[in-house]
Amino acid sequence: MIFRLALLLSAAIATPATAHQALPSPATTPPPPQGQPVPAVPASSVAGPIEHLKPGEFLWAPDIAPDGPVTIIVSLAAQRAYAYRNGVPIGVSTVSTGKKGHETPTGVFTILQKDVDHHSNTYDNAPMPFMQRLTWDGVALHGGKLPGYPASHGCVRLPLAFAKNLFAITRMGVTVVITDQATAPEVAPSPSPLASNDDGHVTEAAYRWHPDRAPTGPVSIVVSGRDRRMLVLRNGVEIGSAPIVLDAPVTATAAFTLARIDAAGPHWMRLPLPDGAAKTAQGTLAELTPAERASGHIPDGFRLALEQVLRPGATMLVTRDTLASSGTGTRLRVLDTR
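Throughout the sequence shown, residue numbering follows mature numbering (1 follows the signal peptide of the UniProt record, and there is no 0), covering -19 to -1, 1 to 319 in sequence.
These aren't lab readings, by the way, just hints derived from the structure by calculation. Here the structure is a predicted model, which is why all the values come from computation and not from measurement. Certain hints may be false.
Lysine to any residue pairs mimicking SDA-like chemistry, simulated, CA-CA at most 25 Å apart [claimed, not checked]:
1. Lys95 x Asp44
2. Lys35 x Ala149
3. Lys95 x Asp48
4. Lys95 x Gly217
5. Lys145 x Pro131
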């Protein structure tokens, strides 16, 4: 299913100008810029309205997917935030991220803290309404001014009404992926992208598994193409690590969220980040082939252990970057809980 909010939301488009009539802002919070109403668009053009949203404008339609795990993706290059529930896009918003010298970090994060009426401990008690903390050193999602370019001290500023809407549907531990790529993500259902080690590529003794390090909490998986390694984190703590053999090099970053588990097994929703997957001639996202689904090989024991801790809402990021603290590749910041 291609990202089609502009068509589906022609009767439910929200902008700060309209949303603020019903949403009182905190007394100390300056109102964000007032956007112009976004017109309805033809079915033949879905990316254009997203690309041309003006500062402070957003689209919001939670009824498209009323239940399920939430995932948030922020594009620094596009200055957009995308909200998914149960793998389906339910909102997209303009944002303002970190300015030069205070760049917003890329990587995989979890929501560590939520506060409706937070104020900055670092920058003159500045209001940060509907704050959702991503790191303990000051990076968060929150309502604020959107001038149309990166202007924050590292946070992701959202239109106030969008920040309130997003705050209402998230919980502690929700995964937020921040990428420096620009194209709007698209969505397609997918079986599990992990294959067992049925061809003997990796050995059973090569993995680590310590679930007792974090007995509860959301699970996130990160696969590094450069390191050829998979990390499993629960509640931001590493509980497992294993080598992974990939049949093809990782050429683009892609994200997955686990929508549900039933008798047929886990059902992953693929959230390809920019350049992460090919499209069909009709413009829809091509379904993964059996060869693609079997392109990553991990030890059988590790896979079985991993399946025991997976729950709906788990996320997986596949990246070209390294997870190491040094080296020639770009280091990916993963689930910063400091």
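Comparing the hints with the structure gives:
1. Of the supplied pair hints, the one linking Lys95 and Asp44 holds, its CA atoms being roughly 23 Å apart against a limit of 25 Å.
2. As the CA atoms of Lys35 and Ala149 are separated by approximately 24 Å, the hinted pair is consistent with the 25 Å bound.
3. Distance restraint check for Lys95 and Asp48: the Cα-Cα separation of roughly 20 Å lies within the 25 Å cut-off, and the hinted pair is therefore satisfied.
4. At most 25 Å may separate the alpha-carbon atoms for a hinted pair to count; Lys95 and Gly217 meet this at roughly 16 Å.
5. With a C-alpha separation of about 21 Å, the suggested pairing of Lys145 with Pro131 holds against the 25 Å cut-off.
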